[in-house]
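2 protein chains.
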Amino acid sequence: MAALTFELQASGLQGSKARAGKIRTDHGEILTPIFMPVGTVGSVKAVTQQQLKQDINAQIILGNTYHLYLRPGIEVLEAAGGLHRFNGWDRPILTDSGGYQVFSLAANRKIKEEGVMFQSHIDGSRHLFTPEYVMDIQRAIGADIIMAFDECPPYPSDYSYARKSMDLTHRWLNRCFEQLARTEDKYGYTQNLFPIVQGSTYKDLRKASCEFVAEKNAVGNAIGGLSVGEPEEMMYEFTELCAENLPADKPRYLMGVGTPWNILEGIDRGIDMFDCVMPTRNGRNGMLFTTQGLVNIRNKKWAADFSPIDPGLPNEMSQYYTKAYLRHLFVADEILGLQLASIQNLSFYLWLVTTARGHILAGDFSSWKQEMIPILKQRL
Amino acid sequence: MAALTFELQASGLQGSKARAGKIRTDHGEILTPIFMPVGTVGSVKAVTQQQLKQDINAQIILGNTYHLYLRPGIEVLEAAGGLHRFNGWDRPILTDSGGYQVFSLAANRKIKEEGVMFQSHIDGSRHLFTPEYVMDIQRAIGADIIMAFDECPPYPSDYSYARKSMDLTHRWLNRCFEQLARTEDKYGYTQNLFPIVQGSTYKDLRKASCEFVAEKNAVGNAIGGLSVGEPEEMMYEFTELCAENLPADKPRYLMGVGTPWNILEGIDRGIDMFDCVMPTRNGRNGMLFTTQGLVNIRNKKWAADFSPIDPGLPNEMSQYYTKAYLRHLFVADEILGLQLASIQNLSFYLWLVTTARGHILAGDFSSWKQEMIPILKQRL
Numbered sequence: 001m002a003a004l005t006f007e008l009q010a011s012g013l014q015g016s017k018a019r020a021g022k023i024r025t026d027h028g029e030i031l032t033p034i035f036m037p038v039g040t041v042g043s044v045k046a047v048t049q050q051q052l053k054q055d056i057n058a059q060i061i062l063g064n065t066y067h068l069y070l071r072p073g074i075e076v077l078e079a080a081g082g083l084h085r086f087n088g089w090d091r092p093i094l095t096d097s098g099g100y101q102v103f104s105l106a107a108n109r110k111i112k113e114e115g116v117m118f119q120s121h122i123d124g125s126r127h128l129f130t131p132e133y134v135m136d137i138q139r140a141i142g143a144d145i146i147m148a149f150d151e152c153p154p155y156p157s158d159y160s161y162a163r164k165s166m167d168l169t170h171r172w173l174n175r176c177f178e179q180l181a182r183t184e185d186k187y188g189y190t191q192n193l194f195p196i197v198q199g200s201t202y203k204d205l206r207k208a209s210c211e212f213v214a215e216k217n218a219v220g221n222a223i224g225g226l227s228v229g230e231p232e233e234m235m236y237e238f239t240e241l242c243a244e245n246l247p248a249d250k251p252r253y254l255m256g257v258g259t260p261w262n263i264l265e266g267i268d269r270g271i272d273m274f275d276c277v278m279p280t281r282n283g284r285n286g287m288l289f290t291t292q293g294l295v296n297i298r299n300k301k302w303a304a305d306f307s308p309i310d311p312g313l314p315n316e317m318s319q320y321y322t323k324a325y326l327r328h329l330f331v332a333d334e335i336l337g338l339q340l341a342s343i344q345n346l347s348f349y350l351w352l353v354t355t356a357r358g359h360i361l362a363g364d365f366s367s368w369k370q371e372m373i374p375i376l377k378q379r380l
Numbered sequence: 001m002a003a004l005t006f007e008l009q010a011s012g013l014q015g016s017k018a019r020a021g022k023i024r025t026d027h028g029e030i031l032t033p034i035f036m037p038v039g040t041v042g043s044v045k046a047v048t049q050q051q052l053k054q055d056i057n058a059q060i061i062l063g064n065t066y067h068l069y070l071r072p073g074i075e076v077l078e079a080a081g082g083l084h085r086f087n088g089w090d091r092p093i094l095t096d097s098g099g100y101q102v103f104s105l106a107a108n109r110k111i112k113e114e115g116v117m118f119q120s121h122i123d124g125s126r127h128l129f130t131p132e133y134v135m136d137i138q139r140a141i142g143a144d145i146i147m148a149f150d151e152c153p154p155y156p157s158d159y160s161y162a163r164k165s166m167d168l169t170h171r172w173l174n175r176c177f178e179q180l181a182r183t184e185d186k187y188g189y190t191q192n193l194f195p196i197v198q199g200s201t202y203k204d205l206r207k208a209s210c211e212f213v214a215e216k217n218a219v220g221n222a223i224g225g226l227s228v229g230e231p232e233e234m235m236y237e238f239t240e241l242c243a244e245n246l247p248a249d250k251p252r253y254l255m256g257v258g259t260p261w262n263i264l265e266g267i268d269r270g271i272d273m274f275d276c277v278m279p280t281r282n283g284r285n286g287m288l289f290t291t292q293g294l295v296n297i298r299n300k301k302w303a304a305d306f307s308p309i310d311p312g313l314p315n316e317m318s319q320y321y322t323k324a325y326l327r328h329l330f331v332a333d334e335i336l337g338l339q340l341a342s343i344q345n346l347s348f349y350l351w352l353v354t355t356a357r358g359h360i361l362a363g364d365f366s367s368w369k370q371e372m373i374p375i376l377k378q379r380l
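Residue numbers (UniProt numbering), protein chains in the order written: chain A, 1 to 380; chain B, 1 to 380.
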């Protein structure tokens with residue numbers, strides 16, 4: 001089996017840095033730019049794997065190492081033959097490193113040079129994540145794309161903390177690569193490590209981190225530590241800076257981003273991969289992203305609106321069911337409402353990146369983006 | 001469009017009273033014996049209409065008049081063109097009369113000759129259900145099969161109360177038929193009224209009620225007031241008595257029953273139609289009905305059991321996902337667990353009645369039933 005490759009198919013048209021490409025993994029191809037639905041514990045919430053393929057057209061999903069390590073645990077995943085076998089998803093899987101959840105969910109965490117001590121948010125049990133152990137865990141999960149173990153500093157962070165944190169992340173990155181080189185692919189297909197750029201909101205740190213990361217010559221690179229509370233314009237500025245300072249011939253992954261317009265702005269700045277819980281989480285709260293704008297489906301105004309959930313989306317569910325029915329399901333607290341809203345939002349996100357890709361290839365991404373953003377932001 | 005018809009295809013073989021038949025409605029055929037999934041407010045909980053067809057093979061579903069009347073309400077359903085249009089279910093729909101929910105869910109109910117006054121369990125608003133109004137509501141919902149408005153006395157009820165209640169149900173039945181005759185099918189297809197036998201656990205009352213009901217010469221007849229807490233043997237005894245005293249050339253519907261073995265025993269006594277919330281409700285609690293027995297999927301013993309959810313069921317979901325994965329979904333409180341368990345249980349119930357039908361037609365239902373019941377009851 002072979003390491004991940006990236007083929008750049010179009011870039012730099014109409015003054016945009018947007019790129020269209022094709023990633024190849026041992027579990028199949030991914031056309032970029034791509035959005036990756038988040039499957040926290042091995043399930044994209046409220047959606048079956050069949051629906052992910054048929055209705056959403058997901059090409060790759062995420063798993064969260066922290067969650068999977070706690071439940072079902074590495075033993076069960078190894079016994080199953082990896083996460084693909086365990087959850088029945090046979091397309092590519094990317095796992096994060098668990099760092100983000102350790103800092104946001106776990107209790108009593110302590111960062112040391114060796115790694116991070118923490119207590120499980122579920123039962124209080126104590127665990128130590130080191131870069132080496134996190135590589136081993138992701139090997140056992142069986143991800144096609146493995147993320148480096150990093151520290152994600154909060155926004156704002158002072159310069160001194162941001163610099164120390166970045167240096168730690170870099171030392172951990174070396175250990176990640178060393179551990180990966182020492183260990184074998186677990187299930188016969190190639191597992192690929194993506195390093196993560198940090199450096200908070202300091203240009204010199206971000207540049208230094210990009211340089212450090214680029215020298216690893218990894219098959220893909222990620223930008224972390226953005227979309228953590230900073231102003232949108234600042235996120236765009238640092239996305240652009242990082243994209244410019246990361247290899248052009250490798251996919252660039254902007255972690256944890258974001259709204260539909262965040263994604264279009266990211267694509268415009270040379271980002272190829274995105275993930276975010278927003279479509280599923282907001283969907284479960286009745287907030288729909290549609291091709292025509294934002295919909296609060298609980299609103300009384302939809303009670304007798306028998307138009308499709310989203311007339312502009314090609315997927316069956318969004319055409320088959322009406323806004324009135326979906327509103328009714330939310331008002332009556334029916335589980336089916338969570339399913340349909342999650343499918344709508346994820347279908348929309350995949351439609352968005354696929355349509356963006358079409359416009360990149362056609363050479364008119366910039367003008368399309370300018371037209372789309374006000375539509376996507378409007379409240380219906 | 002045409003009134004519901006029933007074609008008896010096999011009965012009385014191998015000493016059993018089990019029957020195989022075919023019901024025709026304006027929304028399609030129903031092969032009997034049949035189990036009808038309950039779609040309380042127009043959604044079979046946690047299941048899409050696509051899954052109901054493809055994975056479960058449901059031929060007819062139920063709606064609850066009480067719930068649909070309160071939410072989304074008759075105005076919305078009429079504006080949609082009926083429940084079929086509203087929820088996108090284009091096969092037959094049966095609605096109950098709301099009587100059962102008025103007695104079990106609503107507050108401050110008062111029974112009078114005219115009807116029942118009650119307060120909504122949602123917002124405390126006051127409503128009056130009369131036999132006439134309940135016919136109008138079911139017309140507006142657009143059910144293919146409309147149930148008579150009845151009083152369902154609790155178990156045990158004393159003779160005097162049971163008799164008074166039955167007499168009231170009979171007077172209400174006359175009013176239901178009169179109102180239905182006075183009003184037109186709402187959406188162009190025929191809406192068929194099924195009367196309901198009551199009489200609690202008194203043989204003479206049950207016989208009298210069957211006689212009263214049979215004289216209506218309805219296209220189908222229902223047995224109510226069983227499976228309300230009485231011993232299982234008593235339920236079987238009264239099921240048999242009622243089945244014997246209802247027309248043989250019309251479908252017989254045993255309301256609110258039951259476990260898989262209850263259903264086989266009901267079929268054996270000449271019942272053609274069943275409904276129950278058990279497969280969906282138990283499924284959401286992690287209790288699975290399978291072709292091999294009962295499974296508490298939360299049990300630790302399934303943690304590394306990578307066999308299909310139910311190897312004996314033909315549906316895709318129960319073959320595709322494993323017990324270990326489904327257990328993990330329940331332990332991690334994932335919504336997908338509720339979906340897969342609901343699909344498993346409903347698929348199983350439909351498989352059960354379809355397989356029973358095959359054995360009735362083949363003439364070996366009785367011996368098959370004897371073999372199956374101990375299997376279905378065993379805890380795995």
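Check before you lean on any hint, since a few could be wrong.
As the list claims (entries may be wrong) - Mimicking DSS-like on lysine-lysine, the simulated pairs with C-alpha atoms at most 30 Å apart in a straight line are:
#, chain 1, residue 1, chain 2, residue 2
1, A, Lys164, A, Lys110
2, A, Lys45, B, Lys53
3, A, Lys22, A, Lys207
4, B, Lys22, B, Lys300
5, A, Lys45, B, Lys300
6, B, Lys17, B, Lys301
7, A, Lys207, A, Lys300
8, B, Lys203, A, Lys300
9, B, Lys301, B, Lys22
10, A, Lys207, A, Lys45
11, A, Lys216, A, Lys203
12, A, Lys45, A, Lys377
13, B, Lys53, B, Lys112
14, A, Lys110, A, Lys17
15, A, Lys112, A, Lys186
16, A, Lys301, B, Lys186
17, B, Lys53, A, Lys53
18, B, Lys112, B, Lys17
19, A, Lys216, A, Lys53
20, B, Lys22, A, Lys45
21, B, Lys301, A, Lys186
22, B, Lys300, A, Lys186
23, A, Lys53, A, Lys22
24, A, Lys17, A, Lys301
To be verified - Derived CB-CB ranges, DEER-like:
#, chain 1, residue 1, chain 2, residue 2, range
25, A, Met234, B, Gly312, 53 to 61 Å
26, B, Asp167, A, Gly293, 55 to 63 Å
27, A, Ser160, B, Gly88, 38 to 46 Å
28, A, Met117, B, Ala107, 30 to 38 Å
29, A, Pro154, B, Lys300, 32 to 40 Å
30, A, Val277, B, Glu230, 46 to 54 Å
31, A, Glu371, B, Leu128, 49 to 57 Å
32, B, Gln9, A, Val277, 48 to 56 Å
33, B, Ala181, A, Gly293, 43 to 51 Å
34, A, Ser307, B, Gln9, 16 to 24 Å
35, B, Asn296, A, Pro154, 42 to 50 Å
36, B, Gly88, A, Asp364, 56 to 64 Å
37, B, Glu230, A, Gly28, 51 to 59 Å
38, B, Lys377, A, Glu113, 57 to 65 Å
Hints are computed from structural coordinates only; laboratory data are not their basis.
Heads up, the beta-carbon is just placed ideally off N, CA and C, and yes, glycines get one too.
Which constraints among the numbered hints does this structure fail? Numbers only, ascending.
Failing hints, ascending: 4, 6, 7, 8, 9, 10, 13, 14, 18, 19, 20, 24, 27, 28, 34 and 36.
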